[in-house]
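Let's have the full structure, built from the sequences with the hints guiding it.
Note that the protein sequences, when read in sequence, are chains E and Z.
So the first sequence is residues 870 to 1251, counted in my numbering.
So the second sequence is residues 870 to 1251, counted in my numbering.
If you are wondering where the hints come from, they were derived from the structure by calculation, not from laboratory data.
Wrong hints could be hidden among the right ones.
A pair holds if it fits inside one copy or across any two, identical chains being indistinguishable in the list.
Said to hold, decoys possible - With a cut-off of at most 27 Å between alpha-carbon atoms, the simulated BS3-like pairs for lysine-lysine come out as follows:
#, residue 1, residue 2
1, K892, K1185
2, K892, K1150
3, K1150, K1042
4, K886, K1150
5, K902, K871
2 protein chains.
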Amino acid sequence: MKIGLLGHGVVGSGVRKIIDDQKTIEVQELVVKRILVKDDWEMTDERMTQNADDILNDPEIDIVAECMGGLEPAHTFVRKALEQGKHVVTSNKKMLATYCRELFAIANEHGVTVHYEAACGGGIPWMAALDRIRRVDDIMNFRGIFNGTTNYILERMYHEGKDFSEMLGEAQKLGYAERDPSDDIDGFDVKYKVMLSAVKANDVLLNLDDITTFGIRHILKKDLDYCRDNGYVCKLIGRGVRQEDSVSACVMPMFLKLDDMFASTPLNFNVIECEGATLGKAAFTGQGAGSLPTAHAVVQNIIDIWKNQDSEINPKLPAAVDNRDLMGVYYIRTKKSALFADITDRYVGEDTILTEKISLSEAALRIKNVDDPDLFIAEVAE
Amino acid sequence: MKIGLLGHGVVGSGVRKIIDDQKTIEVQELVVKRILVKDDWEMTDERMTQNADDILNDPEIDIVAECMGGLEPAHTFVRKALEQGKHVVTSNKKMLATYCRELFAIANEHGVTVHYEAACGGGIPWMAALDRIRRVDDIMNFRGIFNGTTNYILERMYHEGKDFSEMLGEAQKLGYAERDPSDDIDGFDVKYKVMLSAVKANDVLLNLDDITTFGIRHILKKDLDYCRDNGYVCKLIGRGVRQEDSVSACVMPMFLKLDDMFASTPLNFNVIECEGATLGKAAFTGQGAGSLPTAHAVVQNIIDIWKNQDSEINPKLPAAVDNRDLMGVYYIRTKKSALFADITDRYVGEDTILTEKISLSEAALRIKNVDDPDLFIAEVAE
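Following this line, the structure appears as structure tokens:
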């Protein structure tokens, strides 16, 4: 199998290294033929090129592995690769979650496949586990700590009593968080992963904009003080729950009890749990990012293609997000707390309420109408 | 694919139910043709038979699923099935760990395979995960809470300050523990699973008798008091560590720190962790027992055979167990503690020492020579 690699950064260089090292008999079947790089200084190997067409138009290349990140030109290159009848493996959750309707249709038309284990859960074999479980079971629900950067920030704020901005700065210094941290701290990164998980778990294509998403940008030290004083930890959780004809889907901070299995997830790890009809609950923990763990997932997908082990036999159809049945108690801190008076169970701090048990759709609608840019909301585990 | 089912107890009846229910298109390819039962009252279905030859000699049956438990006649039936050119799926860890050298050789000779996902980790897709990870990585080490019964006993002793014998009695009353609880509480059940994990993880066939095994039969309330007072929890852990030409392998109670991911494993769950060269650490949590989760694993293996997805391409060769490089600090409680004087770091209770950091092979040898039937040993996490 001849592979064309788009991108030679953190993930791409890991893929190149694993395949070049030829450590197992499966990997010995793979060859990286060409590598697309951006800058002159990256042209360190005769396989490097700065022209994507050298890969996309090469009839010898069977599989294109896209590890560039960003929407464009990644999206255009992937579309062209599929149109040329090449299988695609991508680690790019943002691009895939944004364009998967179009890309899955093109792949289908050209008899090839799109694989994305590395795009959701990094090194965790989460997508592969879903594929396997689905052979026997429907997936009733899933939830996960899908983002290491926010887990790092929340853990350190919790244990060291630090401020959000200080911890974000440190995460950026360590290279965990991007210079524009919005995708991480506003929950968009987790939203992409919830959308892709629902594709595998429930065969549905959700509208990204319909997934209720609250991040941790406005979390304060005192919110974590409340957690600590009341036997909770705070985690940013992405969730999906299969309903009759729709899917409940959301991303939001949750105050979890200390004996929740998710409570002790280490700093830079991800954990994802799902529930199958006969399997019951199963959980998967691993490194959600990093060069080699993510590259490992890309190489696994390449081997899946080589072995023709694509079990995505069910069509993926658009489905509505419906959070009317997702009931919860919410911790809401806002200067406009008086506007929540009719759903307030009690005040737990200045401007801070615990709601009665209400649906997430109602909570989200109320928050939209209140229009307080500094509002912080978290669901409180019962 | 036509399946013959040996046994219709907890696991076997679950397999029958999942296949009869025909919920997914993969399962719709499977048919349970005959079911071996023991007693007259079990003959509730025209597929039932009390004569194993009706299954073993039926040329239409492609796969024999053995869910009987026990060494005999399960072992003889499995051997005969393989000799008849039938693939075998088994949930019987004791039988397989005891006879796998013989059975793998017979399977190989007749061009068929033996699958055993349900024998190790029940519903957890642990064997499948190892198969997948091994396509890219060597496995450097694994460790797991492989036994729900002992986890149940230890958790309740720890949180409720109960005695061992009381909790064992309760586990037996709930059907978690057998009337003869030795396999669980003496660590043999975990030993079988460590042996089978090493087959998948390292392609080695270890001698069961060589795996250092200490159970929890002699644990006292005061041992758990020590844990609680010093920030530990106690778990029965099975482990394997790949060495140059051998494997370190053991089963023993461990005092783990509270922030260890294993510390918050719920009552009846199993958790298993492994480390791959490029994947890094990954962990898998799920129900280690129970009718449907274990049956789910059997059905998954049947689908593996149908899809011809057997990735066990490496030969399994005998290898020595060598625990000389497995260093640890040990908590040892024995009336003969004076005999450990030269390796004692300090006393932490009456007759109870913490050792200096020594090898497990030395600790095991000393304990054997001391010959105190009531001795309790646990490794203390650093």
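Item to check | Hints the structure fails to honour | outcome: Hint check: nothing fails, all pass.
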